[in-house]
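There are 2 protein chains.
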Amino acid sequence: MTENSDTLAVYWENGEISSYPYLYLRDNCPSPSTIHSNGQKLIETSAINPAIKPENTELRNGSEVLISWDGEAHQSLFSADWLYNHRLSKAAIAERRQEGHLSAPLILWDETLNNNLPAGDYNAISASDEALCSWLENIRKYGFAVLRNVPAQPGMILKVVELFGYIRETNYGKLFDVKTTVNPNNLAFTSLGLSAHTDNPYRNPTPTLQLLHCLQSSAAGGNSVLVDAFKVIADLKSHSSQMFHLLSTTPVNFRFEDQHDLIERTDTIIGLDVFGEVNAIRFNNRSVQAFEVEEEQMIAFYEAYQYLAKMIDDERYFVEFKMEASDLFIVDNERVMHGRSAYDGAGGERFLQGAYADRDGLLSKLGVLKRNAINQLV
Amino acid sequence: MTENSDTLAVYWENGEISSYPYLYLRDNCPSPSTIHSNGQKLIETSAINPAIKPENTELRNGSEVLISWDGEAHQSLFSADWLYNHRLSKAAIAERRQEGHLSAPLILWDETLNNNLPAGDYNAISASDEALCSWLENIRKYGFAVLRNVPAQPGMILKVVELFGYIRETNYGKLFDVKTTVNPNNLAFTSLGLSAHTDNPYRNPTPTLQLLHCLQSSAAGGNSVLVDAFKVIADLKSHSSQMFHLLSTTPVNFRFEDQHDLIERTDTIIGLDVFGEVNAIRFNNRSVQAFEVEEEQMIAFYEAYQYLAKMIDDERYFVEFKMEASDLFIVDNERVMHGRSAYDGAGGERFLQGAYADRDGLLSKLGVLKRNAINQLV
Numbered sequence: 001m002t003e004n005s006d007t008l009a010v011y012w013e014n015g016e017i018s019s020y021p022y023l024y025l026r027d028n029c030p031s032p033s034t035i036h037s038n039g040q041k042l043i044e045t046s047a048i049n050p051a052i053k054p055e056n057t058e059l060r061n062g063s064e065v066l067i068s069w070d071g072e073a074h075q076s077l078f079s080a081d082w083l084y085n086h087r088l089s090k091a092a093i094a095e096r097r098q099e100g101h102l103s104a105p106l107i108l109w110d111e112t113l114n115n116n117l118p119a120g121d122y123n124a125i126s127a128s129d130e131a132l133c134s135w136l137e138n139i140r141k142y143g144f145a146v147l148r149n150v151p152a153q154p155g156m157i158l159k160v161v162e163l164f165g166y167i168r169e170t171n172y173g174k175l176f177d178v179k180t181t182v183n184p185n186n187l188a189f190t191s192l193g194l195s196a197h198t199d200n201p202y203r204n205p206t207p208t209l210q211l212l213h214c215l216q217s218s219a220a221g222g223n224s225v226l227v228d229a230f231k232v233i234a235d236l237k238s239h240s241s242q243m244f245h246l247l248s249t250t251p252v253n254f255r256f257e258d259q260h261d262l263i264e265r266t267d268t269i270i271g272l273d274v275f276g277e278v279n280a281i282r283f284n285n286r287s288v289q290a291f292e293v294e295e296e297q298m299i300a301f302y303e304a305y306q307y308l309a310k311m312i313d314d315e316r317y318f319v320e321f322k323m324e325a326s327d328l329f330i331v332d333n334e335r336v337m338h339g340r341s342a343y344d345g346a347g348g349e350r351f352l353q354g355a356y357a358d359r360d361g362l363l364s365k366l367g368v369l370k371r372n373a374i375n376q377l378v
Numbered sequence: 001m002t003e004n005s006d007t008l009a010v011y012w013e014n015g016e017i018s019s020y021p022y023l024y025l026r027d028n029c030p031s032p033s034t035i036h037s038n039g040q041k042l043i044e045t046s047a048i049n050p051a052i053k054p055e056n057t058e059l060r061n062g063s064e065v066l067i068s069w070d071g072e073a074h075q076s077l078f079s080a081d082w083l084y085n086h087r088l089s090k091a092a093i094a095e096r097r098q099e100g101h102l103s104a105p106l107i108l109w110d111e112t113l114n115n116n117l118p119a120g121d122y123n124a125i126s127a128s129d130e131a132l133c134s135w136l137e138n139i140r141k142y143g144f145a146v147l148r149n150v151p152a153q154p155g156m157i158l159k160v161v162e163l164f165g166y167i168r169e170t171n172y173g174k175l176f177d178v179k180t181t182v183n184p185n186n187l188a189f190t191s192l193g194l195s196a197h198t199d200n201p202y203r204n205p206t207p208t209l210q211l212l213h214c215l216q217s218s219a220a221g222g223n224s225v226l227v228d229a230f231k232v233i234a235d236l237k238s239h240s241s242q243m244f245h246l247l248s249t250t251p252v253n254f255r256f257e258d259q260h261d262l263i264e265r266t267d268t269i270i271g272l273d274v275f276g277e278v279n280a281i282r283f284n285n286r287s288v289q290a291f292e293v294e295e296e297q298m299i300a301f302y303e304a305y306q307y308l309a310k311m312i313d314d315e316r317y318f319v320e321f322k323m324e325a326s327d328l329f330i331v332d333n334e335r336v337m338h339g340r341s342a343y344d345g346a347g348g349e350r351f352l353q354g355a356y357a358d359r360d361g362l363l364s365k366l367g368v369l370k371r372n373a374i375n376q377l378v
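Sequence order for the protein chains is R and G. By the UniProt record's numbering, the letter at position 147 of the first sequence is numbered 147, and the numbering carries on one by one without gaps. By the UniProt record's numbering, the letter at position 148 of the second sequence is numbered 148, and the numbering carries on one by one without gaps.
Take the hints with a grain of salt, since some may be wrong.
It does not matter which identical chain is used: a pair holds within one copy or between any two.
Said to hold, decoys possible - Derived pair list, reagent style DSS-like, types lysine-lysine, alpha-carbon separation capped at 27 Å:
#, residue 1, residue 2
1, 141, 310
2, 90, 41
3, 174, 370
4, 41, 174
Everything labelled a hint here was simulated from the structure, so no lab data went into it.
Here chain R stands alone, though its shape is the one from the complex:
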């Protein structure tokens, strides 16, 4: 351990050396006057003197560092564990990020998943935290899951959402009915087939979860089709980094308008996070508007768009099943696209109820269930 002008250097037994700026250490002091017992920070980072220095630094029991600050009657005690887990080398930061990925990986899938649909049972997940945790973990990993034995009664979808999160109400209501209607304001409410798509790309924030619950299913046709856009995009990127680039940097406009609503959003078809990794797909050929792409680029953009759309329509990416009354599925609406084959509206009934919700509530519930499960093991 060495005090430098503005950093503390720690020499680890394995030979590694870590530097911690004093400002960083004071800001993250684990004392109860700095961090409230609920985890919230109680000090204003902006109020710390950027040139803050220790008056004294002391190694205690070989596993703790006690810093007495200069000009402030305050001491900070850091454990060796805390310091090790907060090493600030590029490699250590990358390693922690990688560990996060490994502990919660996504599983990309194609048609082979048809043999092993992630599914749960409504009675089980209502009664058991373990079953609920497992069902929610499937949604996190695969971007969707089926749920069986949800009583085929209107409004049951609200009960399902209550198990893990909150309904996102929109102009379609808390719940909406998906069946053939006269003068539909949306093609979903006809008997036409629908290529796999994401819902509401014209909305910002887009609802991040969609649920569909089957109440009646006697019409011929109308199979549900799900496609993992993250798998499709990974394959598209392998095929052509140029197409990937165009689709992740070109803004397109999505729009929905009817008597009561006028909703528009301009964003890329492939969304990237701050690390440059794919975090969203927005794909809906029905609501996309004329592309605003320069004439020299237009042909290349159409090539990429058509290529992506054809991949989405390619059965080798399809998970396909016919929903029966009391079946429900949930999709991550920024990852897994859903569609349906056409059905015979005259030859029987097809009646689904749908609703939107958000991923944050689901991931929070999943995190708490996992935390509780670990605590019970201890």
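Chain G: place on chain R using the hints.
Same frame as chain R, but now just chain G:
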């Protein structure tokens, strides 16, 4: 007008020449078999032959182009207006984007807005579309507005949200009470002062609107403070493009954890849209976690973070007012930060109710009200 191998060239009277790829024209044909009367596209773009050509192109009445397609019994009729409004030159696309900005500009503000707070009256906006439109337009432009004379009864905030959109329910409930509580899970529920911040940066999607309604206000202190982060960021960028760069590209982690919830998000403090323009601020020193920034960069990152935080605490950016019972304000939670001064919890009551909602519903309602107003003029 000239037919080329894969584009139609149009010569305008002003000397400008525009090229339209045939694929683009077929895809955007305005016929009812291509675009449903509700505005949704009825054809699959991926199914159009990329090498599609006209069999014949005909100029009609000097103001319409009729294209008969080769290999398809279909004709497309484009008006000169449509073609002019869809010119695909870089300049034309930039011009349309600029027109969009000019027709709906944001107004950045600082303390001078104290003399002219955007405000509405609950009775007026409940009774009149014109008053509602004007109040919503203020929220769009300024990122916030006050509302007076909202009866000081619990739950009234739900009635206000019904006028323009939908509640976003979270773990804090549909509505939450902001007053001093024993064992608070959040510092908001103490009498401490709070620097201006955005709410729920640990949540994704973050609620894009927050409402606070005052039911009781007899405590000393507890002024509300609002700060326009877009103005602050514009000034920060002028001061240092390096600080702007660090704050808009460095991921930070926000976290909230209590007995029932565990919510985390990693994203930049300054959010940029696909055009590189600022579209979000995420700033909450209470929920931000230890920065994962390499040791060589850490000092520079702290400089930028402290500089931003001090700007946010600088009174020349403050809109400040004391809420009285029956006052309400709404903020765009990705643009306008809110805070409060400390108050004397023993010397009186301070009781607010809060709720979240989303901007998409508000902007849709605003769009419809504007459209209706224009239609009434016609």
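Inset, instruction - Measure nothing new, just compare the shortest in-copy and cross-copy C-alpha distances for residue 41 and residue 174 to 27 Å and report within, between, both or neither. - result: Between copies, since 26 Å is at most 27 Å while 36 Å is not.
Legend entry - Copy assignment of residue 141 with residue 310, given that the CA separation must stay at most 27 Å: within (25 Å within a copy, 41 Å between copies)
Inset, instruction - Could you figure out if residue 90 and residue 41 sit no more than 27 Å apart (CA to CA) within one copy, between two copies, both or neither? - result: So residue 90 and residue 41 pass the 27 Å test inside one copy only (26 Å; across, 48 Å).
Inset, instruction - Using 27 Å as the alpha carbon limit, work out where residue 174 and residue 370 are close: within a copy, between copies, both or neither. - result: between (29 Å within a copy, 26 Å between copies)
When each numbered hint is compared with the structure, no violation occurs for any of them.
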